[in-house]
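K.L.:
Read off the chains here:
2 protein chains.
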Amino acid sequence: MNTAELVELAQQLRVDSVRAADAAGSGHPTSSMSAADLMAVLLDRHLRYDFDRPAHPGNDRFVLSKGHASPLLYAAYKAAGAIDDAELLTFRERGSRLEGHPTPQRLPWVETATGSLGQGLPVGVGIALAGKRLDHADYRVWVLTGDSELAEGSVWEAAEHAAYEHLDNLVAVLDINRLGQRGPTRHGHDLDAYARRFQAFGWHTVEVDGHDVDAVDRAYGEALSTTGQPTAILARTLKGKGVASVQDREGLHGKPLPEPDEAITELGGRRDLRVSVHEPPEAAGGRPAPLGHLELPHWERGEEVATRDAYGHALTALGSARGDVVALDGEVGDSTRSEFFAKEHPDRYFECYIAEQQMVATAVGMAARGWVPYAATFAAFLTRAHDFVRMASVSGAGINLTGSHAGVSIGQDGPSQMGLEDLSMMRAVHGSTVLYPCDAHQTARLVTAMAGLDGVRYLRTSRGKTPVVYGPDEEFPIGGSKVLRSSGTDRLTLVAAGITVPEALAAADALQDEDIAVRVIDLYSVKPADVCTLRQAAEDTGCLLSVEDHHPEGGLGDAVAEAFSDGRPAPRLARLAVRSMPGSASPAEQLHAAGIDAESIAAAGRLLVGEAVVP
Amino acid sequence: MNTAELVELAQQLRVDSVRAADAAGSGHPTSSMSAADLMAVLLDRHLRYDFDRPAHPGNDRFVLSKGHASPLLYAAYKAAGAIDDAELLTFRERGSRLEGHPTPQRLPWVETATGSLGQGLPVGVGIALAGKRLDHADYRVWVLTGDSELAEGSVWEAAEHAAYEHLDNLVAVLDINRLGQRGPTRHGHDLDAYARRFQAFGWHTVEVDGHDVDAVDRAYGEALSTTGQPTAILARTLKGKGVASVQDREGLHGKPLPEPDEAITELGGRRDLRVSVHEPPEAAGGRPAPLGHLELPHWERGEEVATRDAYGHALTALGSARGDVVALDGEVGDSTRSEFFAKEHPDRYFECYIAEQQMVATAVGMAARGWVPYAATFAAFLTRAHDFVRMASVSGAGINLTGSHAGVSIGQDGPSQMGLEDLSMMRAVHGSTVLYPCDAHQTARLVTAMAGLDGVRYLRTSRGKTPVVYGPDEEFPIGGSKVLRSSGTDRLTLVAAGITVPEALAAADALQDEDIAVRVIDLYSVKPADVCTLRQAAEDTGCLLSVEDHHPEGGLGDAVAEAFSDGRPAPRLARLAVRSMPGSASPAEQLHAAGIDAESIAAAGRLLVGEAVVP
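Protein chains in written order, with my numbering: chain V, 1 to 615; chain P, 1 to 615.
Some hints here could point you the wrong way.
Note that identical chains are pooled: a pair holds if it fits in a single copy or bridges any two copies.
List of simulated lysine-lysine pairs, PhoX-like, C-alpha gap at most 25 Å [said to hold, decoys possible]:
#1 Lys482 <-> Lys343
#2 Lys255 <-> Lys343
#3 Lys465 <-> Lys255
#4 Lys132 <-> Lys343
#5 Lys343 <-> Lys465
#6 Lys132 <-> Lys482
#7 Lys482 <-> Lys465
#8 Lys132 <-> Lys465
#9 Lys482 <-> Lys255
#10 Lys132 <-> Lys255
FYI, nobody ran anything at the bench for these hints, they're computed from the structure. Keep in mind the model is a prediction, meaning the values are calculated, not measured.
Bound conformation, chain V alone (with noise of 0.2 Å):
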């Protein structure tokens, strides 16, 4: 298109942006006017992009972080023939695969969920370094942002990374038309303030008047004519652009424009340009094929392992058996042992620094090229990263995340160290797997049975070196559980899982002692938990009495409760948890402390069958 037609198309992208939203009676049409000439020129003069096979591999990718500007995104699929007018209309209508804030759970031309803001750019990074150092092809990825999000920290973590790892296949385009949802942004309209951020950070920076098409043209030539660096395109933009009525005002975030005809009127009306968007270009497809049969390390029986050493060695396996298995970590690989896959397979190894919000977007990006990724740090530190996992289900995308050091047992580090809350965090994940392995062998298996899972799965790893229990060739399927003890007299369950089963076994052996026969339940898959199996010890010994070192909310408890909230009668449930906060103290003291060591499951036990002894 030439100039006067890029024009042209861009106020059709106003215009129908304007119409969607009306239809709906809801939306965001002033943000997608402000971003509409970027868009416009994009579509038409630099991406490269097959509406018809969204999966050729040569495909540009294009992340929408303004996600609520998504009138803007579907009147581009519109110009771009892949969706028509009459689906257009369909904007925020239940069940139209147009949604307020676009996901690829329903259009298979979005690459990730946007709509919590600045989680574009960090998932538009871990895109482009899959294409660098993953997939080795040519493919540019292009970020188009709001101003307002660059307040969150996320963009700089993005910023950091992108710069560190030379990502010129990415491009930010900034849509800066200095309003956010309730008033103006910190820096309004100056451009600098933003361009000396992204510089320091050591980014190249293009300053332009967003609504100059041929202006924009040459900034994105710019863009793609700079080497070694990401370029970040500064475009000085007004909301609401080309209706006077709503142009740079205040108050008109986030809804309908109030006189849509007039609008269009002023806008010029109608207009159905189509446009040829570029060929990909020729990619090598497919991912890497498995490399090898897959050998998991073994151990003795009764040797003491700790489970995120384990995690480390079968990740490491699993890398040497699967191509397309990554793994990224926090700047704590030596903790969480994903150095041993670092060692390995270097060239599939991403230190993402203590930055865990970028390393949960990176693997969120390489899930999305359809890398395998696995992801760990502290299970105390993935919480820093909530809002990226809660979007990466939301987006559908097939992550792993292993959260080491969980509980109270990793000692003296104290409570800022100890996950005691992930086990809630991720069973609220829509669509999630939650494991807690107790020993290395179910450790390997739980690893390599993530990676054919839907949606985000979780393992819990622990500090502390633990009995291998099981044997190399048991198989612990998801949704499973593992009855350690059982007996046709068992009076109580204790039901546990990872750090506890051993203390839950030695609890049971004491009881044992004591003529107290207890059923011991390995729940290792939390989520979802063994109905069957906790429902058959309800019935065999008419309590359940869970072990956990997790706070009492949202864990092992309360998966064990939920299993018996199907309106059927219900046993009598027990917990123990860590109730109180912790200090520095060694392991054993901590487990002790928290009353969900040997000694305290074995008390609360004889409570529960009635043969306590009151001193």
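Following the hints, complete the assembly by docking chain P onto the known chain V.
P.N.:
Frame of chain V; chain P shown alone:
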């Protein structure tokens, strides 16, 4: 002290750090040694602090963001005479005040718990902001950070906020020892790399040899004479400085020195220098007294009012009655209704822009200074600050958080904007209170009650309007509930909260029309939950059905189940919750699709009482 003495003091801090870690058998002496000169100069020359009166309003505030360098902090306390040598050697023992990472719950001189990196500067910004805009005091805030933690986005949220607010009472001291936990940082000893970034964000920077005490002294002086902007002192240091066998070497993070006696000898042996820390200037103490009588807003019964509106009005009223109440928002004050407070009390309102981590950190910092902060954003976006909320609980900080736009009932905006994990996240925080009001009067009362609680308090509000069901004088104790329907023939109990209360009432009415009497409990206090009322309902009706606009895990259903996890016989339990990924749809369509509207509740109720008609 003169230069030679300062050098000696620094060596003493190193020796005592080595000794403390050696006594503990764990800890971070090398991370302490790099910052010993920085600490010595600060302690002797610039800090103004009365260790006998930690609450002195004129005291400077010191935050050890690199909390793992706690041996250095405790060594400094010893040098200042605040603790003795015997206590120093209790480091990391069970029951010792000297935890692995410092916390104000144990030590009166600690402003905020650290140990999750990248949080000290954000909290320091909150304290400095309190100093400038609330306390109107001359205290300075010193934050000692590591270099690894500068990869955290939260640091750049803080950098942005501090410069924007012209916090020239804030000095960030960056201990750039070039080595993180598992190896070199991204920028090593490239001080300019950090300087460029801080300058771009609007800070004054000073680069200095962090082992030259005179240069450090001059740098502090320059920071104190800088006006209008915060200062970052970029100090080039060596990890393990002073002991050749560990100095500037990898693989020695977080470990006692292998040869402590030789190290102490190399450092010149034990010393017992005592520092006379400068007295703080006189300052007005105490918080503003309550200004007047609390006049909560009133509504008509049956009127439709969104609980978020009630939040805004009640908080404004509370702000009029109490001079110590402040409000913060993450650039969505027009949605959360924080803007009502902003209009009435602009001097106590803090716009945090889209930076939820900084918002919570600001609240923590202000709470540390005795203020009563209420911070609000969408419930979904509070997940962004999960790690800060977790650490607030480790600090024992009294902060109020409000999450608006909870659940699918927000409607068309879709899942990215829906808080569906927030109850889970907040329940699992140690010592938290979780409140979820269903009407305006209840909201107003709970907003008021929150101010007087310990720990982290969470209020969940709704976007849409709900009928006013309670009178203006009704009381809502924390840990209580309201029985809204009850009879002697109840066959089922519906447990609802917030948006599902009117749905449960409508379901109860529908079932009553079929001669099925059901009890309805409004469990507005999700944590602590009203176990007595729930158990009475269990005894009376035998079956409880919870209904929540939240994922099934960690929320209301789990809270009800937890109430029956005390080992006593349990009733039949069932739960309705959001089990599928929502898309865009109207609020009513959302509630129906999720199976939590009146119709769905009634259908489930019929099933549970055995009166379902199979078609």
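K.L.:
Sort out which numbered hints this structure fails and list those numbers smallest first.
P.N.:
Violated: hints 1, 6, 8, 9 and 10.
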